[in-house]
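Q: The residues making up each chain are set out below.
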Amino acid sequence: MNESRTILVRYDEIGLKGKNRDQFINRLVKNIQMQMKDVEGLKFKVPHGRIFIHCSQESSEECIRRLQKIPGIASASVGVTRKPEFDALAAVGVEWIEPLMKPGETFKFCVRTNRADKSYPHKSPEIDREVGSRILGQLHSKGLEVSIKEADFILEIEIGQDETVVFNNRAPGLRGLPVGSSGDILGLISGGIDSPVALYRMMKRGCRAHGIFFDNRPFMGRGGYDKVVKLSKLLNGYQGKSKLYVVPFEDIQVAIRDFCRPAHRVVLYRRMMYRIAQAVAQQKGCLALATGESVGQVASQTIENLNAVSDVVTLSVFRPLIGMNKQEIINEARELDSFDISIEPHPDCCSVFMPPRPATRAKIADLEDDETKYPWELLMLEAMGKMETVDLDNLTV
Amino acid sequence: MIYLDNAATTPMDPEVIDAVQESMRKDFANSGTVYSLGLDVKQRLEDAESQIRESLSIPASHKIIFTSGGSESNNLFIKGYAFPDRKLACLGLEHPSVAQTLEAFRELGNEPVSLLDLQTEGRLDVSNLSRLKNEKVRLLSLSHVNNELGSVNDPTLILQALAEQSPQTRLFLDGVQAVGKLKLSPVMWRGLAGYSISGHKINGPKGIGLLVVEGKIDLQPQIHGGLQQHRMRSGTLPVPLIVGLALAIKKSVEKTEETIKNNQKLSHHLVSKLKSLAESLPELELQFNSSLSEDLSRQSPSIVNFSFAPVEGEVMLHHLEEKEIFVGLGSACSAHSKEPSKILTGIGLTPEEARCSLRISFGAQSTLADVDAFVEAFGEAYRQLYSTFNRKTTHK
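Quick note, the sequences are listed as chains A and B, same order.
When we follow this note's numbering, the leftmost residue of the first sequence carries the number 13, and every step to the right adds one.
When we follow this note's numbering, the leftmost residue of the second sequence carries the number 814, and every step to the right adds one.
This is chain B alone, in the form it adopts within the complex (with noise of 0.2 angstroms):
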C-alpha cells in the first residue's frame, strides 16, 4: 500500500499508540477532581500542556485550550472572538471550517470581506491590506498552509503588514497543516491572536486538537458546562488523547528539519518525474496548481497540486487505488455535488482543470520508491483514459 494522501490524515505513530493506551489504562480519574487520584491526572495533563508549549516555544503570553481537532478549533476562536458584529476577513481559499464558519456570520448581516483579488499563487499578497484598515475589519483568518496547494501564508510577514496597514485587525491561522511540516518561528506568537492545531495530521490521534489563544483574549465558549479550560470550553478533558497529542507534537517538531528536507526531495522528484512523463506522453498536458517554488516562506514540498486536463481526477484515483495507491482529491464530483473545489476554481482553474487535479501529499513513511510507482501507474492510468475522456470531449 502506498499511502499519499497525508494532508488529509496520517496513520498513528505506533509510540503515540502505546502513551494513549497507557495513559487509558492509567488516567482514568477526572482531572477536574481534588482527591489525589484526579491530582494525579491534573498533574499529567500540565505536563502535557508544558511539553506542547516547550516544543512550539508558545510564550506564557498565550493560552492553550484542548478541543475536539481542527475544525472546532477554528470555530471557537472565529465565532468566539467575533460574534456577531465584529468584522471578519479572508483569503477566501481557506478550509471550509474556516470558511463555513465565516458564511455563518453572513446570515447575521456581518458580511465577511474577501480577499481573493489579492492572492498570489494561493498565498495573500501583503502589500495591500490597507482595505482592512478602511474596512474595519478586527480579524483576518487564514490557512498558514492551504490543505490543498499548500501555499503558505507567512505569519511574520503578514504580521508586520498588518502592524503597519491596519493595526486594528488581528491575526488568526488556521496551522493544521503546518505543525510539522514547517518551522514555526517563535516570534509569530507575539503578534498572533489564534493558532490552531490538530493532532491526526502530525501522526497523532483523532478527535483531538487545540487551539492557542492570545492570553486577553476571552472568547464567548461555544460549549457551556462546567467551566474547564479557562471558561472557554467546557467538558471533561479527555487525557490520554492530550497526551498522545503532546507526544506528537513533540515528535514532528523534533523532526521537523528532517521532514522537510526528506519532503523537498519527494516533491522535487515528483515534479521532475511527471514533467518527464508529460515529455514521453505527448497528449498529457501538466499544469502545477501547487508553486514549485522552493522558498519555505511561499510553498509548503508537503503538498503538490496538479491538474491534467481531461482526465478526471476522481477517475484517476480509483485507478490508483485498483493499485493500492490512494492519493488526495482537492474536488469532489460526489453524488451530492458537481461543483468543483473552490480553492482551485479560486486561484484561477477553470472548472475542468479543478475537476481533472489531483493532491499528492507526504508523510513521514513517504519514500522516493513511493513517489516512482505513483507516477509510473499514473501514466499507465493516464494512458488508459486519455483517449475516452477525449472522445467525451469531442462528441460534446
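Bound-form chain A, shown alone (with noise of 0.2 angstroms):
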C-alpha cells in the first residue's frame, strides 16, 4: 500500500510572534525545505497555525528524522488526510487499532480532536464522542474499551479549514526559533565537548553559527583539524549554510610562549582567539561571537579571566554554557551526537604550550605589558591572511 501521508508540522516559539510572524514562518518552511530538497515529491501548504508537508508513505520516516533536526519545530506527526466526516475518520481508527488488538485481551483507546477550523458545525468533544463510538462499535465484540486516562492508543485529529488530518503520533521537536531569523554569529570551535553544545544552542535561537578554529598545525597534527571539520559538518547538519574559518595559530602561540609570562599564556593566547575572531565576524557579517565557556571549569575561566578575555573585543560575546556543570553538557553533546567525536582521542594542545601553573586571576594591565613584548598586530594580519575557509555544505570529504 502506498497511501500518501500528511505531515503535520508544529511550530514552537513563533506562535508567540506578532506581526512579525510570517517572517518566521517564512524561515522555517525555507529551512525544511532547504533540509528536504533531495526527498522527491514533496508538497507545502502553510495554512494559519500549522505547516502541512504531503509526502509518501516511504519517504514519511525520513522527512520526520529530519524534522526532529530543525530548530524551531515543537513537533511533528505523520499521519493521513480525510474529509471531516465522522465514518471516515472512524475508518481510519479502525483501519489502525485492529491489527494492534490481541485475541482476549482488552485494549483501550481514545479519540483526541483540535478544531482548527473554528467554522466547523461541531465541536471537539463532539466529534470524540461521535467518531469514538463508531470506532467502539466496530471492535467493541473484540476487546476494544475507552479510556481517556490510560489509553493503549490515542487518535488525534486535527480540523483545519483546507484539510482534515488523522494522526497517532508525535515526533518532539528540537524547539526554539528557526535558523536564520536571529542573524548569523561566529563561535569559537574546537575538538573539545563544550564549543559544538554552544553553538548547538545558539542554533535553536535562531542563529545561524559558523565556526572559527585555531589550528596548532605543525605542532600538532591534523587530527584536531579534521575532528573540528567533523563536529561543524554535524553542526551544519541543522543548519545548512555555515562556515568553518580556520586560523593557523603556531606563530601567535610560539610568540606569546617565547615573549611573554608563562603563567599568562593561556589567557593571552585566548585574547588573541578573540580579537581575531571579532575581525573576522566583522568582516563575515557575524553579529556576535559564542564560546563554550563556563565559569570556573579550566584556569582560563575564571570570571577575572573571562573578564580579560571580554576586554580585547567589543562586540558581543555570547556564552550559552555559562552556568551549566559539566555532566549537563555532556548531556546536551550526546543529545547533539557530538558527544563521541568530541571524545576522539587526538592530542589537542601540545604540553609545551602550557604553563606549569596557569594564572586564575590575570589583571588586564600585566596582560597589556605582556602584549607590548611581541608584535601581535602583525601576527594576527599573518594568521587571518592565511585563513582557509571550509564550505560545509560542500564538503567532499
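Please keep in mind that the hints were generated in silico from the structure rather than gathered at the bench.
Heads up, some of the hints might be wrong.
Some chain A residues well away from chain B (every beta-carbon gap over 10 angstroms; in silico) [said to hold, decoys possible]:
{"#": "1", "residue": "R124"}
{"#": "2", "residue": "K245"}
{"#": "3", "residue": "V292"}
{"#": "4", "residue": "L407"}
A partial selection of chain B residues facing chain A, derived with a Cβ cut-off under 8 angstroms [to be verified]:
{"#": "5", "residue": "V1128"}
{"#": "6", "residue": "H1131"}
{"#": "7", "residue": "H1132"}
{"#": "8", "residue": "E1134"}
{"#": "9", "residue": "E1135"}
Keep in mind the model is a prediction, meaning the values are calculated, not measured.
We put the CB at the ideal spot given by N, CA and C, even for glycine.
Reassemble the complex: the two chains are provided individually, in unrelated frames, and hints are given to aid placement.
A: Okay, structure coming up:
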C-alpha cells in the first residue's frame, strides 16, 4: 500500500510572535525545504498555525527524522488527510487499531480532536464522541474499550480549514526558533565537548552559527583539524549554509610562549583568539561571538580571566554554557551526537604550550604589558591572511 | 613523500596487489566446500601454505594457522596455550599485543613474570634464566625483533639457554618485525613452540597473518565455529589475502640478504649523518636508544631509535610531516595518555628522554637520499624548535 501521507508540523516559539510572525514562518518553511530538497514529491501547505507536508508513505519516516533536527519545530506527526466526516475518520481508527489488538485481551483507546477551523459545525468533544463511538461499535466485541486516562492508543484529529488530518504520533522537535531568524554569529570551536554544544544552543535561538578554529599545526598533527571539520559538519546538518574558518595559530602561540610570562600564556592565547574572531566576524557579517566557556571549568575560565579576554573585543560574546555543569553539557552533547566525536583521542594542545601554573586571576594591566613584548598586530594580520574557509555544505569528504 | 615508518606498516608490493586481485576474481568459492569449485580454491590455499613453508623452511612438525594479523596470532598462541593457569613470563619490552595479553592473565590471578632486570640494550640476557625454572614458568613470550628499538632476541641462543637452565619453559616469539629483515635460521623451528608473522609489515596485505605452532600443541580456540584450521581457528579462510601473504613472504625472504645490506648501509649512514649534525649543532644532544652494534644477532639494522631532549618527538614528527617526511614515534603524547613509551622507559630512559624520541624504520623503497633529506629536515626543525623547548625547561 502506498497511500500518501500528511505530515503536520507544529512550530514552537513562532506561535508567540506578533506582527512579524509570517517572516519567522517563511524562514522555517525555507529551512525545511532546504533540508529536504533531495526528497522527491513533497508538497508544502502553510495554513494558519501549521505547516503541512504531503509526502509518500516511504519517505515519511525520513522526513520526520529530518524535521527533528530543524530548530523552531515543536513537534511533527505523520498522518492521513480525510474528509471531515465522522465515518471516514472512524474508518482510519478501525484500520489502525484493529491490527494492534490481541485475541482475548482488552485494548483501550480514545479520540482527541483539535478544531483549528472554528467554523466546523461540531465542537471537539462532540467529534471525539461521534468518531469514538463508531470505532467502538465495530471493535467492541473484540475487546476494545474507551479510556481517556490509560489509553493504549490515542487517535488524534486535527480539523483545519483546508484539510483534516488523522494521526497517532508526535515526534518531538528541537523547539526554539528557526535558524536565520536571529542573524549570523561566529562561534569559537575546538575539538572538545563544550564548544559544539554552545553553537547548537545558539542555533536553537535562531542564529546561523559559523565556526572559527585555531589550528596549531604543525606543532600538533592534522587530527585536531579533522575532528573540528567533523563536528562542524554535524552542526551544519542542523542549519545548513554555515562555514568554518580555520586560522593558523602556531606562530602566535610560539611568540606568546617565547616572550610573555608563562603564567599568562593561556589568557594571552585566548585574547588573540577573541581579537581574530572579532575581526573575522566583522568581515563575514556575523553579529556576535559565541564560546563554550563555563565559569570555573578550567583556569582560563575564572570570572577574572573571562573579563580579561572579553576586554579585547567590542562585539557581544555569547556564552550559552556559562552556568552549566560539565555533566549537563555532556548530556546535551550526547543529544547533539557530538559527544562521541569530541572524545575521539587526539592531542589538542601540546604540553610545551601549557604553563606549569596558569594564572587564575590575570590582571588586564599585566596582560597588556605582556602584549607589548611581541608584535601581536602583525602576527594577527599574518594569521588572518592564511585563513582557510571550509564550505560545510560542499564538503567532499 | 619520504616514508620512514616501515615498522608501523609498509606499502603493498604491486605484484602482491595483482596476485590478491586476481585471486579475488577467481577464488571466490568457500575452500571448505566439497564441489570442484571449492576444491580448486582449497588447492590454491594448500599451494600458498606449501610456498610459505618452503620460503621460511617451516618443518612438517609445525602447523600453520592463518589469522587476521600479528595481534591475533599473539593472542591466539598465548591464550590458547596458557589459559588459565600456566605460568607465563616476558621480558617486559614486548608489543602491546603480547604485553596486554599477559596482563589479561593477571586478572585471572596468574601473575606473569617480568624479566626486565635481565635486559641489556632491549635484549634478554640469557645467562641467568634459572629463575624461570624456579618460578615454574611454562611459556616465555618475547619479540624476535623489538618493534621500537630493533633489538634482537636470538632464538637459537635463547632456546639453548632454556634447554640448559629451564627445560620446562617453552618459547614463543613475536616475529612480526623479523621476517624479511633478518635471516631466520631453519634450526630455530625445532625448539620453538610458536611464532607469529604479519602480512602488512612485509609489503603484503593488511588483515592477514599467520601463527606457526608446534604440531603437538593443541591451542584452545579463541574463535569458535566451523572447526577450520586444525580446530584451532574457525572462520572461512580469506584465500586471496593468503595468496598475497604467501607471495609477500616469498619475495621478502628471497631478498633478505639484499635488504639487510641495504638497511645496514642506511642505518650506518643515518647514524653518522646525525652524529655530524650534532657536531655542527652544539645544542643537539643525541642519544641512540637502539644499539649501534652491527651484530645481527643483537640488533636489526631496519630500526634506529634516538632521543634529542628537550624537543618533543611528536612535535618534531609534525614538523617533518610538513615536508612530507613520515617517521615513527615510540611514545605518543596523545590526548589519551601522556605516558611515555614503556619500552623506552623499560630500557632506562627518563620519561623526558622517552618523549623526545623518534623511530626511523627502513623499507624496501628507502634510499640514502631519503636519509639525507630526513637529517636535513630534522636539523632545520630542531634549530627552530630548540629555543622554545629549552625556554620551557628553564621556566619550570
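Q: Does each hint hold? Answer for all of them.
A: Hint-by-hint comparison with the structure:
1. R124: holds (51 angstroms)
2. K245: Non-interface label stands for A:K245: nearest chain B Cβ at 20 angstroms, farther than 10 angstroms.
3. V292: holds (24 angstroms)
4. L407: Per Cβ check, A:L407 is outside 10 angstroms of chain B; nearest 23 angstroms; holds.
5. V1128: For B:V1128, the interface hint holds, since the closest Cβ of chain A sits about 5 angstroms away, which is under 8 angstroms.
6. H1131: Since the shortest Cβ distance to chain A is 4 angstroms, the answer is holds.
7. H1132: holds (5 angstroms)
8. E1134: holds (6 angstroms)
9. E1135: holds (5 angstroms)
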